[in-house]
Amino acid sequence: MATLKLTDVGKTYGGTVEVLKHINLDIKEGELIVFVGPSGCGKSTLLRMIAGLEKISAGTLEIDGDVVNDVPPAQRGIAMVFQSYALYPHMTVRENMSFALKIAKQSKDEIDAAVDRAAKMLQLEDYLDRLPKALSGGQRQRVAIGRSIVRDPKVYLFDEPLSNLDAALRVATRIEIAQLKEKMPERTMIYVTHDQVEAMTLATRIVVLANKGVAQVGTPLELYERPNSEFVAQFIGSPSMNLLKGEVVSTGAQTRVHLGNDGVAFSDYPTTEADQGLQVKVGVRPEDCRIAKDGDFYFYEGKVDITEALGEVTLLYFEAEMGQDPVIAKLPGVHSNMRGQTVRLTTESDKVHLFADGVSLHYREGTPEPENA
Amino acid sequence: MSPIIQGILTIIIGVGGCITYFYASNWVLDHLIFPARTDDRGRNINRATMVRPWLFLFPAIFALGLYLVYPVVGSFYRSLFNRSGEEFIGLGNYYYLFAEDGFRVAVFNNFLWILFVPAAATFFGLIIAELTDKLSWGNLAKSLIFMPMAISFVGASLIWKFVYANDPDIGIINAVRDSMGLSPIDVLQIPFWNNFFIMFIMVWMQTGFAMVILSAALRGIPEETVEASILDGANPFQIFFRIKVPQIRSTIIVVWTTITFLTLKIFDIVYTMTGGNFDTEILPSYMMDYMFRDDGRATAVAFVIMLIVLPVMIWNIRQAQREA
Ligand SMILES: Nc1ncnc2c1ncn2[C@@H]1O[C@H](COP(=O)(O)OP(=O)(O)OP(=O)(O)O)[C@@H](O)[C@H]1O
Ligand SMILES: [Mg+2]
Chain A
1 MATLKLTDVG
11 KTYGGTVEVL
21 KHINLDIKEG
31 ELIVFVGPSG
41 CGKSTLLRMI
51 AGLEKISAGT
61 LEIDGDVVND
71 VPPAQRGIAM
81 VFQSYALYPH
91 MTVRENMSFA
101 LKIAKQSKDE
111 IDAAVDRAAK
121 MLQLEDYLDR
131 LPKALSGGQR
141 QRVAIGRSIV
151 RDPKVYLFDE
161 PLSNLDAALR
171 VATRIEIAQL
181 KEKMPERTMI
191 YVTHDQVEAM
201 TLATRIVVLA
211 NKGVAQVGTP
221 LELYERPNSE
231 FVAQFIGSPS
241 MNLLKGEVVS
251 TGAQTRVHLG
261 NDGVAFSDYP
271 TTEADQGLQV
281 KVGVRPEDCR
291 IAKDGDFYFY
301 EGKVDITEAL
311 GEVTLLYFEA
321 EMGQDPVIAK
331 LPGVHSNMRG
341 QTVRLTTESD
351 KVHLFADGVS
361 LHYREGTPEP
371 ENA
Chain B
1 MSPIIQGILT
11 IIIGVGGCIT
21 YFYASNWVLD
31 HLIFPARTDD
41 RGRNINRATM
51 VRPWLFLFPA
61 IFALGLYLVY
71 PVVGSFYRSL
81 FNRSGEEFIG
91 LGNYYYLFAE
101 DGFRVAVFNN
111 FLWILFVPAA
121 ATFFGLIIAE
131 LTDKLSWGNL
141 AKSLIFMPMA
151 ISFVGASLIW
161 KFVYANDPDI
171 GIINAVRDSM
181 GLSPIDVLQI
191 PFWNNFFIMF
201 IMVWMQTGFA
211 MVILSAALRG
221 IPEETVEASI
231 LDGANPFQIF
241 FRIKVPQIRS
251 TIIVVWTTIT
261 FLTLKIFDIV
271 YTMTGGNFDT
281 EILPSYMMDY
291 MFRDDGRATA
301 VAFVIMLIVL
311 PVMIWNIRQA
321 QREA
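Top to bottom, those sequences are chains A and B.
Numbering-wise (UniProt numbering), the first sequence opens with residue 1 and increments by one.
Numbering-wise (UniProt numbering), the second sequence opens with residue 1 and increments by one.
Since the hints were made in silico from the structure, they are not lab data.
Glycine is no exception: its CB is placed at the ideal position from the N, C-alpha and C atoms.
Be aware that one or more of the hints could be misleading.
[As the list claims (entries may be wrong)] A short, non-exhaustive set of chain A residues, derived as facing chain B with CB atoms under 10 Å: (1) G40; (2) A104; (3) S148; (4) V313.
[What the hints assert, rightly or not] Result set (DSSO-like, lysine-lysine): computed pairs, CA atoms no more than 27 Å apart in a straight line: (5) K133(A) with K244(B); (6) K28(A) with K181(A); (7) K245(A) with K281(A); (8) K21(A) with K183(A); (9) K133(A) with K245(A); (10) K181(A) with K120(A); (11) K281(A) with K293(A); (12) K102(A) with K183(A); (13) K55(A) with K244(B); (14) K245(A) with K293(A); (15) K245(A) with K55(A); (16) K120(A) with K105(A); (17) K134(B) with K108(A); (18) K161(B) with K55(A); (19) K244(B) with K105(A); (20) K244(B) with K102(A).
[Said to hold, decoys possible] In silico negatives: residues of chain B with every beta carbon more than 12 Å from chain A: (21) Y70; (22) V245; (23) V309; (24) R318.
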């Protein structure tokens, strides 16, 4: 029901502190957009500008084609769920959920119907007469979501809504939010999170914010499979992608790269004659690493320093020089006996990412931009 | 002996005395009264544990009893005697008071004071706290409004005597009237309303106190609840009265009752402004009229004041316990 369009949006605090600049985003109806990025990169600020709680210093924000830069928050048709829930402590759950409708002077019957419907959807019927302080964290979060639903807004904004919940409740509430989205397919949602899993599972598209701007926009799998920069490559996925220095030795539809210690990697990133001898960073995700059989090509050889058995997988941390990130491999099964062994790693050519000067070779000029970017 | 040495000596004796008391009484309890050595050792330890809190509380209870309970009982006892304190007259002083017009006026005025002053001071304090919060010169305004707190009641009365002065060259009210061609009036002599002119001095003095406390409380409100209500479409009035004020309810109550207690003790303002004339008497100033002349009646008034304070006090303690 609602599209959002941000054009060249920027935010400057006090005329000098520039936090965001040149943000361009096109959000389609019914999308669930997730903002991720390092702490302090301006995710909350961007969300609050969309909500109208923060003035937009530059550029325009359009909702359904209307510029709303100067439209008061309540008239933008937006609801926001805060990290701290921000429930009104002196009101019962019912009063919390009906406040907006009372302000809007709706009739008592309409209000009751809307509240009951939302309460049913979120299984809050038994708590309607309680004060927020008599609720658990998860229940409070549901009330906060219920408070938005009741207003039936065009756009939902969530600022790290699950970060105050424990791990189990987080998973449960995440699924609830996903189900909620399914029940309201035409509602647009924007969601800020630090949690990789939340971002990957909920998002129709992820927006990675960094360095005051948008680093990359794309579906979770696009970002995972074809990150456009070293930054995004290392930001998405946990543990982070391994990056190793290499040199392009043969070009074409498949690129061959030589790394140190006789390491060789083949990548599906295409290169041209001109790239011969190019110094690149070779990126391989820990979960894409396999142990090379004798005689196979390998891109890395190292001594296992630490093993972390997580049950279904084992993380191998290789010895690294001081100050450098260790290469990490994530292998299925239990391999706790590999400590101290020298191991060679290999992978498939479609899992090898190449970056030159921090930028992915996949997105260089001449190669087609992915959709939606 | 120099005062410094005297002071240090007092501290040493006081602190040393306390330590000696606690140590010695504890020792006596454990070794002489309920020794843990004899046959019923477990029982003795239990009994000692039961007695110990009272042992340690005793000095505090004793001091409180001496300085709080005894005066109350003593005053009541004194109020049952005639002016010289020689003849027991039962409730004679009270009968006299309730039959007297001046006393009834004082009780009526006192209720006016209790109703108006705390309400007005808290209300103004709240409004000012909210309005000055976002202003760049808000802190300056707050300092100015807080200043009357530092003035003595008599000093404040003197200032307001000038404000209310009959002479248009001195009093601002009559200066304004004068400029409009009206003849000067003495506002302190207008029946009934003169009370409000006097009460306003107290409001002027207490608004600063209310403002400071409430301003701190307002700042303690989670900003997000305010932002949530903005998104919910509340206008500034609704945000203030339906989101902010309810959240600082307990602080408002504390401020309100604190000013109520202060108001119940005021006599200086009335004493200096009108001396209780023109029907402006309130109970404490009425009591002052009898003090040193008829202590029986004066203590009877004091006792009536205490009875009026009591419900406010009980309610206040209840509130405080409920918050905890
Ligand atoms: N009022 C302000 N004045 C100046 N700078 C501010 C102000 N508010 C926020 N900032 C700055 O703006 C930047 C972005 O803040 P923001 O809260 O949007 O970050 P974030 O991405 O949400 O971080 P987090 O993930 O930790 O929540 C921060 O560097 C912060 O210091
Ligand atoms: Mg944030």
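The hints, checked one at a time:
{"no.": "1", "hint": "G40", "verdict": "violated (18 Å)"}
{"no.": "2", "hint": "A104", "verdict": "holds (6 Å)"}
{"no.": "3", "hint": "S148", "verdict": "holds (9 Å)"}
{"no.": "4", "hint": "V313", "verdict": "violated (39 Å)"}
{"no.": "5", "hint": "K133(A) with K244(B)", "verdict": "holds (17 Å)"}
{"no.": "6", "hint": "K28(A) with K181(A)", "verdict": "holds (14 Å)"}
{"no.": "7", "hint": "K245(A) with K281(A)", "verdict": "holds (5 Å)"}
{"no.": "8", "hint": "K21(A) with K183(A)", "verdict": "violated (35 Å)"}
{"no.": "9", "hint": "K133(A) with K245(A)", "verdict": "violated (55 Å)"}
{"no.": "10", "hint": "K181(A) with K120(A)", "verdict": "holds (16 Å)"}
{"no.": "11", "hint": "K281(A) with K293(A)", "verdict": "holds (24 Å)"}
{"no.": "12", "hint": "K102(A) with K183(A)", "verdict": "holds (25 Å)"}
{"no.": "13", "hint": "K55(A) with K244(B)", "verdict": "holds (23 Å)"}
{"no.": "14", "hint": "K245(A) with K293(A)", "verdict": "holds (23 Å)"}
{"no.": "15", "hint": "K245(A) with K55(A)", "verdict": "violated (44 Å)"}
{"no.": "16", "hint": "K120(A) with K105(A)", "verdict": "holds (23 Å)"}
{"no.": "17", "hint": "K134(B) with K108(A)", "verdict": "violated (35 Å)"}
{"no.": "18", "hint": "K161(B) with K55(A)", "verdict": "violated (51 Å)"}
{"no.": "19", "hint": "K244(B) with K105(A)", "verdict": "holds (20 Å)"}
{"no.": "20", "hint": "K244(B) with K102(A)", "verdict": "holds (17 Å)"}
{"no.": "21", "hint": "Y70", "verdict": "holds (43 Å)"}
{"no.": "22", "hint": "V245", "verdict": "violated (9 Å)"}
{"no.": "23", "hint": "V309", "verdict": "holds (29 Å)"}
{"no.": "24", "hint": "R318", "verdict": "holds (19 Å)"}
Hint violations for this structure: numbers 1, 4, 8, 9, 15, 17, 18 and 22, all remaining hints satisfied.
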